[in-house]
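Protein chains in written order, with the numbering used here: chain B, 1 to 248; chain F, 1 to 264.
To be clear, the hints were calculated from the coordinates, so they are not data collected in a lab.
Any given hint might turn out to be false.
[To be verified] Straight-line Cα separation of at most 30 Å, DSS-like style, residue types lysine-lysine; simulated pairs:
| # | chain 1 | residue 1 | chain 2 | residue 2 |
| --- | --- | --- | --- | --- |
| 1 | B | LYS30 | B | LYS145 |
| 2 | B | LYS63 | F | LYS55 |
| 3 | F | LYS55 | B | LYS12 |
| 4 | F | LYS84 | B | LYS192 |
| 5 | F | LYS84 | B | LYS210 |
| 6 | B | LYS63 | F | LYS84 |
| 7 | F | LYS253 | B | LYS185 |
[Said to hold, decoys possible] Computed from the model, here is a short list of chain F residues facing chain B with C-beta under 7 Å:
| # | residue |
| --- | --- |
| 8 | GLU85 |
| 9 | THR88 |
| 10 | CYS91 |
| 11 | LEU92 |
| 12 | GLY93 |
| 13 | ALA94 |
| 14 | GLY135 |
| 15 | MET254 |
| 16 | PRO256 |
| 17 | ALA257 |
Here a beta-carbon is modelled for each residue, glycine too, at the ideal position from N, C-alpha and C.
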Amino acid sequence: MAEVHEYIVRTKDLVKEFILGGTILRALDKVAVDIRRGEYISIMGPSGSGKTTLFNMVGGLDKPTDGTVFIDEVDMAQLDAFELAWLRCRKIGYIFQTFNLIPVMTALENVTLPMVFAGVSSDEAQTRGQQLLETVGLGERLNHKPSELSGGQQQRVAIARAFANNPAIILADEPTGNLDLRTGKEIINLLKQMNRERGVTVISATHDLKMIDVSDRVIWIRDGKIDRVEEREDIDLRVGTVEGEEAG
Amino acid sequence: MTKNSIFIRLGRSIITAAGIFLGIAFMCSVFAATAVKAGLPQVQSSIVVESGRAKDIWLVAIGLVVATIGIVNSMLMAVTERYKEIGTMKCLGALDSLVVRLFLLESGLLGLLGAIAGAIVGTGFGLLMQAARNGWGAVGKMGPAFSLKLSITGWLAVAGMMILGVVGFLILRWLLSIVSRGSQRVFSAGSSAIAGAAVGLALGAVLWWDRMTEVLATQQIALGLWTSVGVSILLGAILAVIAAVYPAQQAAKMPPAAALRVEI
């Protein structure tokens with residue numbers, strides 16, 4: 001393909017080390033990934049391979065030991081606390097395995113919270129929050145607390161919240177990890193639908209093989225290193241064998 | 001948001017407020033008793049009253065310190081319990097200063113409520129005790145609870161201490177921002193200024209306490225029981241806010257990833 005890609009996320013020689021019990025553990029070892037605008041990317045790998053660490057680095061939730069992360073060609077390390085908060089608020093939407101909704105707030109309040117941080121007027125926030133919750137199929141549950149919703153519904157609220165300020169990137173850390181197969185599939189389809197309709201880049205760290213189906217590319221990571229990067233066409237062939245492994 | 005946080009964790013909120021309630025109630029009952037005693041003709045400006053008053057001041061001060069430490073403790077609990085929530089809010093774009101403000105507001109609100117209740121109950125209790133001992137007539141002829149009359153130089157000194165406090169805190173904030181290379185803006189300039197003023201006021205009050213008590217002994221100007229109630233309520237709220245500063249900072253300075261990892 002001759003087309004020139006616009007990269008929304010790039011990492012260069014990303015290294016993250018943790019000190020655990022006196023020994024240095026290298027969670028990420030010179031990781032370089034380039035992610036194109038509008039892509040649906042899955043970062044796959046076994047537990048402890050560095051998926052979540054990479055996710056945290058890209059989302060600016062933690063600082064790398066070495067190397068750089070570029071979001072829209074801006075070096076994250078150069079941002080101060082205020083700019084970083086701005087970025088988290090408007091550029092990136094986060095979805096977590098454990099949903100992480102604020103328990104004392106209703107679904108609608110949870111969705112409008114990032115808008116409050118962004119300084120959106122409360123009338124507009126209400127309307128937009130309602131629209132978002134309707135989009136994810138929870139139009140009837142605006143005033144329910146997270147404890148009154150099922151896991152799948154909570155994750156839908158979290159997805160609506162991630163889209164609150166029309167971000168360019170959605171970062172999802174094992175979004176289906178705490179859900180059963182069917183609900184997980186629904187969540188994946190919802191993410192894919194948002195990805196298609198809104199042109200938002202979805203980056204999801206996962207070991208859920210159902211994710212492969214909808215991904216444009218899959219980045220396999222192992223022991224903190226990029227194992228291989230596969231395009232969708234190549235993956236379709238593999239799904240069968242991988243699912244076979246799962247069954248066996 | 002703060003309101004919800006308080007109601008959903010009503011049990012612990014009540015304990016937080018109870019700490020300041022007890023401290024302020026004790027302070028107010030002592031003030032009320034002092035006011036009634038000052039009105040009694042036979043004990044006016046006697047040595048016995050003076051030494052009794054010094055002891056009272058100590059007891060009140062210790063009571064308030066204990067109440068404040070109690071609030072620090074329960075706010076630390078509140079923070080630990082909500083690490084995940086704080087991490088999530090930071091992911092959604094909350095600034096460190098907002099997290100700090102949230103906790104200061106919560107603690108201040110609880111302190112205010114506790115202090116209001118404490119002031120009413122404590123004053124009522126103190127007056128009842130005195131009425132039981134000296135009769136209702138003595139309560140009716142009440143003297144000054146305490147006095148804030150200072151010479152001009154005294155007030156200037158207190159004001160000077162406050163200004164010094166503000167400047168000191170702003171310098172401290174600046175130094176901290178250099179040390180942390182500007183990555184953590186924990187305090188807004190406004191909150192550092194308020195903290196500085198409070199510290200300055202406290203220092204000024206301590207340094208000029210003898211002058212205050214001297215005035216108190218001569219009873220040049222009496223500020224009534226209402227003032228003592230008002231001052232107590234304000235003091236309760238301020239102490240609660242000060243007590244929350246350390247826990248709130250602990251909450252705000254965690255990187256979101258670390259805050260989200262915490263399992264309770």
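Do the hints match the structure? See the list:
Of the supplied pair hints, the one linking LYS30/B and LYS145/B is violated, its CA atoms being roughly 42 Å apart against a limit of 30 Å. Straight-line distance between C-alpha atoms of LYS63/B and LYS55/F comes to about 54 Å, which puts the hinted pair past the 30 Å bound. The hinted pair formed by LYS55/F and LYS12/B fails the criterion: a straight-line CA distance of about 68 Å is larger than 30 Å. Under the criterion of a C-alpha separation no larger than 30 Å, the hint pairing LYS84/F with LYS192/B is consistent with the structure, at around 27 Å.
Restraint check for LYS84/F and LYS210/B: satisfied, since their Cα atoms lie roughly 28 Å apart, inside the 30 Å limit. Of the pairs offered as hints, the one joining LYS63/B and LYS84/F holds, with about 18 Å between alpha carbons and a cut-off of 30 Å not exceeded. Restraint check for LYS253/F and LYS185/B: the C-alpha separation of about 37 Å exceeds 30 Å, so the hint is violated. Satisfaction of the interface hint for GLU85/F is found here, the shortest Cβ-Cβ separation to chain B being roughly 6 Å, below the 7 Å cut-off.
Nearest Cβ of chain B to the Cβ of THR88/F: about 4 Å, under the 7 Å cut. The hint holds. Contact between CYS91/F and chain B, as hinted, is supported at the beta carbon level, the nearest pair being about 5 Å apart and thus within 7 Å. Among the interface hints, the one on LEU92/F holds; its C-beta lies about 4 Å from the nearest C-beta in chain B, closer than the 7 Å criterion. With its C-beta approaching chain B no nearer than about 2 Å, GLY93/F sits inside the 7 Å limit, and its interface hint holds.
With a least beta-carbon distance of about 6 Å to chain B, the hint placing ALA94/F at the interface is held under the 7 Å criterion. With its C-beta approaching chain B no nearer than about 51 Å, GLY135/F sits outside the 7 Å limit, and its interface hint is violated. Annotation: interface hint on MET254/F violated; nearest CB of chain B at approximately 11 Å, more than 7 Å. Nearest Cβ of chain B to the Cβ of PRO256/F: about 4 Å, under the 7 Å cut. The hint holds.
Hint on ALA257/F holds. Least Cβ distance to chain B is approximately 4 Å, under the 7 Å limit.
Violated hints, listed in ascending order, are 1, 2, 3, 7, 14 and 15; each of the other numbered hints is respected by the structure.
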